[in-house]
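Protein chains in written order, with my numbering: chain A, 1429 to 1918; chain B, 482 to 597.
I should point out that these hints are in silico values taken from the structure, not numbers from a laboratory. Backbone N, C-alpha and C fix where the C-beta goes; we use that ideal spot for every residue, glycine too. Please note that the accuracy of each hint is not assured.
Quick list of the computed label-pair ranges, beta carbon to beta carbon [to be verified]:
no., chain 1, residue 1, chain 2, residue 2, range
1, A, Glu1866, B, Trp593, 40 to 48 Å
2, A, Ile1837, B, Trp486, 30 to 38 Å
3, A, Met1457, B, Leu574, 24 to 32 Å
Calculated cross-link-like contacts (lysine to aspartate or glutamate; reagent style EDC-like; alpha-carbon spacing at most 20 Å) [claimed, not checked]:
no., chain 1, residue 1, chain 2, residue 2
4, A, Lys1585, B, Glu583
5, A, Lys1637, A, Glu1626
6, A, Lys1459, A, Glu1583
7, A, Lys1531, A, Glu1583
8, A, Lys1585, A, Glu1626
9, A, Lys1585, B, Asp588
10, A, Lys1537, A, Glu1583
11, A, Lys1537, B, Asp588
12, B, Lys505, B, Asp588
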Amino acid sequence: MVPHDIPYSMIIIATLLIGAFISGAFAKMRKSLGIITGIIVLSLSFGFSIASAIDVFTNGVRIELAGGWLPPTGINFYVGPFSAVVVSIGLFLALISFIFQYKEISPEKAPAYLPLFILFVAGFSGMLYTGDVFNFFVFMEILSISGMVLIASLESKHSSFAAFKYYVIASLSSSMFLVGVAIIYSSTGILNMAFLSESIKGVNSDYIKFASVLIILALAAEAEMLPLGLWVPDAYERAPSFISAILASLMGISGVYGILRFVNVVFPGVEGIRYVTTTIVIIMALLTVFVTELVAAIQNRAKRMIAYAGMAQLSIIAMVGILGTEASSAASFHIINIMLVEFLLFMTTQYFTGMGDALGKNNFSVAILLSIGALAAIGMPPFGPFWSKLYMVISAYTAGCPLISIAIILGSVAEVYFFARVLYHVWKSGIKIASCPEKRVAVLMLVALLIVLIGIYPKIVISTVLPKMGSDLAGVSYLDNVLSVVGWSL
Amino acid sequence: MIIFWAYISAIGLISIGIYGLLMKRHAFKLIISLGLISTGVNLLLISIGYIIGGTAPIYPKNLNISAPMVDPLPQALVLTAIVIETAILAAALSLAILMHREYGTLDVRVIWRRLR
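With the rest of the complex left out, here is chain B (with noise of 0.2 Å):
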């Protein structure tokens, strides 16, 4: 059940941030709803990897193991993602700045009138 539910908040995750790239217009909002997604999708990295009463994986000094261990890997490449995605959010943040800066405002329709 948990994880039926883990799946259904991580497509709830990415179908917001899909909305939220198709309908909103400010820069700020548009990286905001990428971030979702890309939340959405370590959730579903995670699901994917858990086991239902599992424990983390990492071995006790006793190597006395009750419940089973939960799959590392997702776990591993969810972290190296999250790194990722914190490079990718403070880059495009100073973008926006940029942005601000040059236009004076952060509403991509307006930016997009003036590029022509």
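Here chain A stands alone, though its shape is the one from the complex (with noise of 0.2 Å):
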């Protein structure tokens, strides 16, 4: 259906890294013409997504090498059926932010705006699909340095210092994950993702266990995992709202899948590591969901209790993730749907502009779609994350870690009690909702219909997409997939 030998992830990003700059070339001459060449960037590389989604789930997974070199010399691309899926989404909804920040950017702020958002979505193809240690580590840096000043770039309130609070904390991860890539490396000389995992196994497993810390510890703070992840309801709270859609919806994912990626392919060779990770990812993930599950119920502003009820579910997601084929399946069922609810639900809030009158005529559209966004957030049935939460709990269950489930759940009845309480300040009384132009309902319709759609026939999701994402997630045939590109095998 699809021409199967073009080089798909590379050229999504070559067109994300080079469409970056032009568009901020043509900005500086007409904010409209960089505009529109963004959304040629972004609109290309989304349907080159599209295409490698269908060529990975009709013919398998694609290993694309970077300038042909073999690897564990070369850099490999990695593009899984999770990463298919998952970037697609991403870029889809990156896709819509950017359409719609066309009239919040000033002609003199656009030249350096939008070239740094496109990075950001560059930053997050990479990571998702590179198999490479150091690649990842770089695509990381592009992601954290352009989210670091996308979240000041408007210049809202107390936003420099929400991203200063970022910059601390990402800076100082960048720091740790270098010194684990360090140890790793001196102690095996290799870098590629596959590889690693076979020659890792003959190492002083106490070096690498030192490693692995350092490594989950550097990405939880991009997966808005505590301690690390302080930055989060500030950072969201004080950016323009299509920006901490985005950041909610791209940045957090690819730290949780960064995560995954170590934990399930990079190191479970190692004599006895299997009991090191497990035990911080799920002791970091446990005090996330308890601890801001706990704040969100008591915070007033809107969006920064939408950034709490995320970090948790991303939490959520990466203990899930961990336990295996069934329960990673699970996992990326959760990852798609909760991409698209922080979205939509971020994108609503913009139109909160206080206190004030019940709804009128004209922003009714906007209190549908925040309601299907919060009833969608708690899990009720007729959407999507009713399912993937369920498929979590039994997973987690039958995993032989009830504890999770009932994390899980717990997250969910207090979920229950503070998006009540919004849903009741929209419908009966509080909150003034700005009206908002018939095309951004439409768009926003769209994600809000596909949310119910997989709500109402998640059996199709489930049974076609889910078991090779949750194969892919949980690191099945990894090694043998690449390995097969160099012609060897073990």
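Dock the two chains into a complex; use the hints.
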């Protein structure tokens, strides 16, 4: 159906990287030119990501070699079912957010702002595609530098300090990641994830355990897990809403994906490391779930509350994702849902203008959209997250971790409380909502429709996409796929 | 011996950075502390790839290599890391300018109090 011999992942990343600078140059001439270039670049890469997803699901995993160099010397991109699907959704949401910001960006800011936005998306795609540890670090830094500047980009109140907080944590975590990589490289001499997972087995496991702790802690900052995720509430609250939406749905997911890649693919061969990695991830995640759900309940500002709720969901995904293939399927289902729900929630909160009149006719549609987002985030039946939460509860229980199931259920109960407060204020009294242009409502309706469709027909997703995504996330036959390119076999 | 001292200086730089991060409350000093930490990490990476008596990893024209070559990969990594750090540093300093414009101070404690 789609051509097979095109290196999709590299084309997507190259399009985004080159397009970022072209759009900046055009924006310098005229803002609208820059925006149009950006839309073309994002749509092109979205199209390629869809094509790569179709190809992956028909022909299996694609291993693409950068510059034709064979791994472990060269860098390879690993386009599995998971990354193909998640990058497609991410690029779709980024495209919507990019179109939405048209009016908010002033012509003086556009030449710097537009490239940063596209670079952010490039960092996200790169992190999900790459099969090389250091390359992963480079894309992570592209993502975090551009994310940091995007938070403060529109100079909204207190945003500079929120971005500075993120800078301190991101910089510290990138140093920790590098030390971890240095330890791994000094004991194996390899940076390719697949080959690393094999050659790491014979190494003194104490060094690797220390490195694994450093790397997981570093990624936890990106995955919004406490204690390093403390930058999240401030940053998401102070950043403009279309930036918060894109940060919440892309950045956290890439961090969680990083943790799961390292725990499931790179480290598992080392003797006795399973205990160390799972303990750290589960302790941090449980801490995050309990603290954030409690703190969210006492928040009075909607964006801050949604940020806390999102942190809890990401931690749940990280916990469930390390429990095996079946649980990984559940986690990847929840990743799809959470990306859509968080995006919808943040996009609709930008129309809150303070306390005031009850709902009028023109802002009725925004209230509907917000309610869909809130009900879906709780995990109410006709929406997607209901099925993914249920799936996660069951698979965590069958994997022998009832504690995680209980945490998921308790978290949902807390969410009922604070999202009910939002719904009460929206429908009964209180929050004043600005009217939203019809075109924007239509686009957001598309996202809401996806959430509802997944909720009504969960079987289609569960039976077709999820098994492959789950086994990809759990790292099943990752090594074999890469080795088959080199022509080796174990 | 030289590798030993390289490790010691790397750990020293990282420790100074961590000390600054924990003890100082001025945004500019925090930025410098984080810069020190990443410089220490870079030094660590370089010293991992060093071989005693090794030469630069460049093939000479006549291919007459007398000494062993040091590992080129850590150097490539550090080169990338330095570029990334420079970008982060520039972004952080511009954030500091924005903060000073908004709050009139760079003392993190004062800004924190104003946030509430």
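Cross-check of the supplied hints:
no., hint, in the structure
1, A:Glu1866 - B:Trp593: 40 to 48 Å, "holds (42 Å)"
2, A:Ile1837 - B:Trp486: 30 to 38 Å, "violated (56 Å)"
3, A:Met1457 - B:Leu574: 24 to 32 Å, "holds (28 Å)"
4, A:Lys1585 - B:Glu583, "holds (8 Å)"
5, A:Lys1637 - A:Glu1626, "holds (16 Å)"
6, A:Lys1459 - A:Glu1583, "holds (19 Å)"
7, A:Lys1531 - A:Glu1583, "holds (15 Å)"
8, A:Lys1585 - A:Glu1626, "violated (50 Å)"
9, A:Lys1585 - B:Asp588, "holds (17 Å)"
10, A:Lys1537 - A:Glu1583, "holds (11 Å)"
11, A:Lys1537 - B:Asp588, "violated (28 Å)"
12, B:Lys505 - B:Asp588, "holds (9 Å)"
When each numbered hint is compared with the structure, violations occur for hints 2, 8 and 11.
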